[in-house]
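Line by line, the protein sequences give chains A and B.
Under UniProt numbering, the first residue of the first sequence is numbered 1, with each subsequent residue one higher.
Under UniProt numbering, the first residue of the second sequence is numbered 1, with each subsequent residue one higher.
Note that these hints are calculated values from the structure, not bench results.
Among these hints, one or two may not hold up.
Okay, derived cross-link-like pairs now, EDC-like style, lysine to aspartate or glutamate, Cα gap no bigger than 20 Å in a straight line [what the hints assert, rightly or not]:
| # | chain 1 | residue 1 | chain 2 | residue 2 |
| --- | --- | --- | --- | --- |
| 1 | A | Lys255 | B | Glu71 |
| 2 | A | Lys331 | A | Asp22 |
| 3 | B | Lys255 | A | Glu71 |
| 4 | B | Lys255 | A | Asp72 |
| 5 | B | Lys239 | A | Glu156 |
| 6 | A | Lys239 | B | Glu237 |
| 7 | A | Lys573 | B | Glu119 |
| 8 | B | Lys573 | A | Glu118 |
| 9 | A | Lys573 | B | Glu118 |
| 10 | B | Lys239 | A | Glu237 |
| 11 | B | Lys239 | A | Glu279 |
| 12 | A | Lys573 | B | Glu259 |
| 13 | A | Lys255 | B | Asp81 |
| 14 | B | Lys573 | A | Glu119 |
| 15 | B | Lys573 | A | Glu259 |
| 16 | A | Lys239 | B | Glu156 |
| 17 | B | Lys75 | A | Glu259 |
| 18 | B | Lys255 | A | Asp81 |
| 19 | A | Lys264 | B | Asp574 |
| 20 | A | Lys153 | B | Glu237 |
| 21 | A | Lys26 | A | Asp38 |
| 22 | A | Lys239 | B | Glu279 |
| 23 | A | Lys425 | B | Asp81 |
| 24 | B | Lys425 | A | Asp81 |
| 25 | A | Lys255 | B | Asp72 |
| 26 | B | Lys264 | A | Asp574 |
| 27 | B | Lys153 | A | Glu237 |
| 28 | A | Lys75 | B | Glu259 |
| 29 | A | Lys198 | A | Asp161 |
| 30 | B | Lys210 | B | Glu184 |
So the chains spell out like this:
Number of protein chains: 2
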Amino acid sequence: MASPEIEQKLAPLRAAVKEYGDIVRKLKAEGGAKVDIDKAVIELKARKRILEEAELSLAPPDAAFDRVKLEDLLKRRFFYDQSFAIYGGVTGLYDFGPMGCAMKANLIQLWRRHFVLEEGMLEVGCSMLTPEPVLKASGHVDRFSDWMVKDLKTGECFRADHLIKNHIEKLLRDKKTPAKMRDEFMDVLAKLDGMDNKDMHSVITKYGFKSPITGNDLTEPIAFNLMFPTVIGPTGEFKAYLRPETAQGIFVNFKRLLEFNQGKLPFVAAQIGHAFRNEISPRQGLIRVREFEMCEIEHFVDPNNKQHPKFPKVRDYKVLLFSACNQMDGKSAQETTIGDAVGEKIIANETLGYYMARVHQFLIKVGIDPNKLRFRQHLSNEMAHYACDCWDAEVYTSYGWIECVGNADRSCYDLQQHYKATGVKLTGEKKLPEPKTVNVVEAIPNKSVIGKAFKGDAKLIIGALSSMEEAEVKSLEEKLAKSGLVILYFSGQYLFCLVHVEEITPSVIEPSFGVGRIMYAILEHAFREREGDEQRTFLALLPQIAPIKCSILPISANVRLLAVMRKNNYFFKDDSAGSIGRRYARTDEIGIPFGITVDFESEVEPWTVTLRYALTMEQVRLNVSTNFSFIARKKMRN
Amino acid sequence: MASPEIEQKLAPLRAAVKEYGDIVRKLKAEGGAKVDIDKAVIELKARKRILEEAELSLAPPDAAFDRVKLEDLLKRRFFYDQSFAIYGGVTGLYDFGPMGCAMKANLIQLWRRHFVLEEGMLEVGCSMLTPEPVLKASGHVDRFSDWMVKDLKTGECFRADHLIKNHIEKLLRDKKTPAKMRDEFMDVLAKLDGMDNKDMHSVITKYGFKSPITGNDLTEPIAFNLMFPTVIGPTGEFKAYLRPETAQGIFVNFKRLLEFNQGKLPFVAAQIGHAFRNEISPRQGLIRVREFEMCEIEHFVDPNNKQHPKFPKVRDYKVLLFSACNQMDGKSAQETTIGDAVGEKIIANETLGYYMARVHQFLIKVGIDPNKLRFRQHLSNEMAHYACDCWDAEVYTSYGWIECVGNADRSCYDLQQHYKATGVKLTGEKKLPEPKTVNVVEAIPNKSVIGKAFKGDAKLIIGALSSMEEAEVKSLEEKLAKSGLVILYFSGQYLFCLVHVEEITPSVIEPSFGVGRIMYAILEHAFREREGDEQRTFLALLPQIAPIKCSILPISANVRLLAVMRKNNYFFKDDSAGSIGRRYARTDEIGIPFGITVDFESEVEPWTVTLRYALTMEQVRLNVSTNFSFIARKKMRN
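Just chain A, with the same shape it has in the complex (with noise of 0.2 Å):
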């Protein structure tokens, strides 16, 4: 929560945002019509908006915090930077570099023992070129795009949203343009999450939005779906697609999964693996890129039973919940237990509740400042098409609040829509807590007619019949006698059965982690200026996650002694030229949290030398018999 001086500068904010929730939630609440639930939404959404921004603006400056030098580290001491720079780059693709990689690999390493190891999880790897009947069916062929205008004349191509937003700003920066004008400008911009492509279209005609770059008029919005295209095999017929998201393997490989549980449910499956997105004009670095790495959990479960039998261990911790009945009400996020936020149906279900926890202990123990995480509810026409419940883990950064980590219950959408393109059922079973009977009808084959009749195909029809379903069967009968065709090849028969068990299609909840967000929201909060020298930036990145966790200066050059030191892999030898203090800048600036000086003092018997800190410079002096590799795993705050 804020000062009191700024909770009053925000009241009215507040209240304005609370009145459109109050409107919404009467519309919904007396069956109103959705244009009228759509638009009023817009307007909340808006005022949300305004609220939040005022929130940032007036919340006390991140003083330590500039962005332009931490992008020159990453970049000197080659963490990450553009893919292909000596061809002129390529916006959107990045090359992680020695120190970002081994950071990276660390962070995918303590996600895996985290999810993978600690909650025996399925972990899959599956291929990343997909069919494109597997995209459609899991509607990302037709809804996977965002709104693009294109310069008439030269065909260059914008993000909509982005081109009205710029011309927007420039002209608010402009002292020329008119109060009145203001006013609309800000509403357009508060508005511009919610806006179709009539809406932004009639944005751009109304105030005469050009291409920034010719001046040229522009198209109309058109969708640009965000997938990479690409054809498999020499034909080109075989249309492809790069996945955008690691789940459609998960869920295309339910069967096996099931059996490789031995058919029982719940389970969980896990995959960490790249995907693509063919962004219009990828900015903000890390953030939003064409091409990245992600972690994704997917969690089949009883659709009527979502409990989680883990849950009592999360029942009392404490998470930071933005809930969507808050961001109506034009409150701020609030602390909460996940037991409280489940018991009083916040949080859907247990199952998503307990992930939850698991996700915010999981990005605390990497190194995210925990006051800067909370979980962001997605208001309901926020929601995934498939979702009916979905909460962000956000980030604070430079950038705003960022989505890391999205958790949502995708019910059973994606199974079904498997299960209708391919006929394949993607069902689990479950034991009916006593036998009941019910009623079956099957087709009985008239095996001597058809016999008879089709001779050598007989057997593929008697077979076709038997297999038939209960409702084909019916729709069949149905369907003849209508026709006034006498039913001679089957008959319908009604059978009483004794069944043990049901049979479900699992909802899925799905924790998916971007792993570059992760990675640079890390960073962030990482970064560090030394007292008094702000030129001497460096990063205190946790031992675990520390692409080096120790390195090793000599000044003197004591060879049986050196060689006793690096025997273990998480040192490294900085044997540069330079100062001890600059040698120590070097390795401060990459993160290595502990430094081992071997000096003339160490040649004398019992060896000794000096580990030092880097993140408050505090030096103690030990045996060089000491079991060094705790380094590795302290767990320390910064």
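We have chain A; now place chain B onto it with these hints.
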């Protein structure tokens, strides 16, 4: 070496190879015409192939191995399986299930430890999406293709060499094919590898080969590029490909890596990542796929000094070498020390030899049978356009000898190509033994003349003149002189400089690992049947590679005891139903090397359990307080 009886049978075939090996050598020595050499090489390779097939057919069969059974096991226990099977599947794409995924992660982790950490390599992670100009420079756009023929009516595509092979093999099985034709066909088969499009076209027309599916006529062989095409961004004009190897990502980052290494050569970069090849008709499981993981090392070294400081460590290491010379003489592979092979110039240089030894050590460490491992040298016409020496680590499997690791000296081809394409110098500096004096030509701008003539643009022109290279200055001077123009604006000035360093374009030594191929070879070499029970198959995986190190089979449910046992992550609890024998069989099948059984005897203090070693089925009773972590590290041979 084979038995004397077999060698007797092989002797004439060996002589036949040597005959043409000698002809090729003679032609080369005498500077014969390229067309004659090429012809002789094709005949040489044909004879080599016949010899190799005879060797394989005469070798004692690997009695224990039954590929169908292995494939059944891998599918059933979900090591890996065809991707998108519920959509009909895609050839050449595989999904890794929980067992395959864990095994692959172990393999890659061991690779990282064996190479990246132990050798202090700079690991990078680069983009898979690659702009066309990068792959144009590397030669892949123009040269990375296979010959394909199309059905003239349906447009269906076939790989030309596969089509010819299949047609001929069918005709050879047909008893009506006359003996004379058989000889011709054998000859075509033997020469197929060396054929170009014209050769294959004449075979297809001579024998009237048609589409195997429709019987329609076929087109002439056309080159089909094996890269997957796509476009970046919305305009459709930014052409790109999915990378066909990870190496290019390292080359385009050369400058950043050199800088990271404080400008010092040699240094080594490595990358673990996916690559893609749009095969025309992939078969052979994991051996030939469209999407695969690879590990590549690029060792940048002074082209005039390819010594390696750690070479003494591998000098006496023994490997099986199948040199180009032995291949041309019709001899078998020979065991040699790396030191001798480099000393006798069989292996081109120390660095290449050092890596071959390290590759050999790695393959043995992960479970490749050392008796089924050899290095085969490329014949000069087999080598990629960039390579100057190349040795494939080949592993013997039921598919024959397959290339698992390519070890090439790529010389400075790649860096030079990217320099030509971008104008960005990709060179390092080498300290001269003593400084030397060189003549340098510099353009000295005539500032006052330029200032008066060009006013505002003068600064630009002066800058451009000052930064001109020696050759440019000379050629500009000459051009102006020739055209009779007086040089007003600048004069070329000859300076004498003392230089301490020399600029060099490094050579690149590249070991390149196919992860899927190595994994498949390990699985084949680990596959066993229990003596006396052929139905009971299992995998004798080394603990370091095994997806799970140890199973816990609870017969009695001592909860406290189980909790103690399961703390560690490499344990897998099998509480499925079934007899203890059946449960052992289940865990043996997925290659779990150790099993711990908790039984009724375990309940009595001091608590004890049974540890079983899957390979030998030996059992031993141990106290529960034993530190079981040794099982993950134990080095043992199957």
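Cross-check of the supplied hints:
1. A/Lys255 with B/Glu71: 19 Å, holds
2. A/Lys331 with A/Asp22: 13 Å, holds
3. B/Lys255 with A/Glu71: The hint holds at about 19 Å.
4. B/Lys255 with A/Asp72: 17 Å, holds
5. B/Lys239 with A/Glu156: Roughly 15 Å between the alpha carbons, so the hint for B/Lys239 and A/Glu156 holds.
6. A/Lys239 with B/Glu237: The hint holds at about 19 Å.
7. A/Lys573 with B/Glu119: With Cα atoms ~13 Å apart, A/Lys573 and B/Glu119 stay inside 20 Å; holds.
8. B/Lys573 with A/Glu118: 13 Å, holds
9. A/Lys573 with B/Glu118: Roughly 13 Å separates the two Cα atoms, so the pair holds.
10. B/Lys239 with A/Glu237: Roughly 19 Å between the alpha carbons, so the hint for B/Lys239 and A/Glu237 holds.
11. B/Lys239 with A/Glu279: 15 Å, holds
12. A/Lys573 with B/Glu259: Holds, because 17 Å separates the two Cα atoms, which is no more than 20 Å.
13. A/Lys255 with B/Asp81: 12 Å, holds
14. B/Lys573 with A/Glu119: 13 Å, holds
15. B/Lys573 with A/Glu259: 17 Å, holds
16. A/Lys239 with B/Glu156: The given pair, whose Cα atoms are some 15 Å apart, holds under the 20 Å limit.
17. B/Lys75 with A/Glu259: 11 Å, holds
18. B/Lys255 with A/Asp81: Answer holds: B/Lys255 to A/Asp81 is near 12 Å, not above 20 Å.
19. A/Lys264 with B/Asp574: 14 Å, holds
20. A/Lys153 with B/Glu237: Satisfied, since the Cα-Cα distance of roughly 15 Å is no more than 20 Å.
21. A/Lys26 with A/Asp38: At roughly 13 Å apart (the allowed maximum being 20 Å), A/Asp38 and A/Lys26 satisfy the hint.
22. A/Lys239 with B/Glu279: 15 Å, holds
23. A/Lys425 with B/Asp81: Roughly 19 Å between the alpha carbons, so the hint for A/Lys425 and B/Asp81 holds.
24. B/Lys425 with A/Asp81: Satisfied, since the Cα-Cα distance of roughly 19 Å is no more than 20 Å.
25. A/Lys255 with B/Asp72: 17 Å, holds
26. B/Lys264 with A/Asp574: Holds, because 13 Å separates the two Cα atoms, which is no more than 20 Å.
27. B/Lys153 with A/Glu237: Given that 20 Å is the threshold and the Cα spacing comes to 15 Å, the pair holds.
28. A/Lys75 with B/Glu259: Within the cut-off at roughly 11 Å; holds.
29. A/Lys198 with A/Asp161: 12 Å, holds
30. B/Lys210 with B/Glu184: Holds, because 19 Å separates the two Cα atoms, which is no more than 20 Å.
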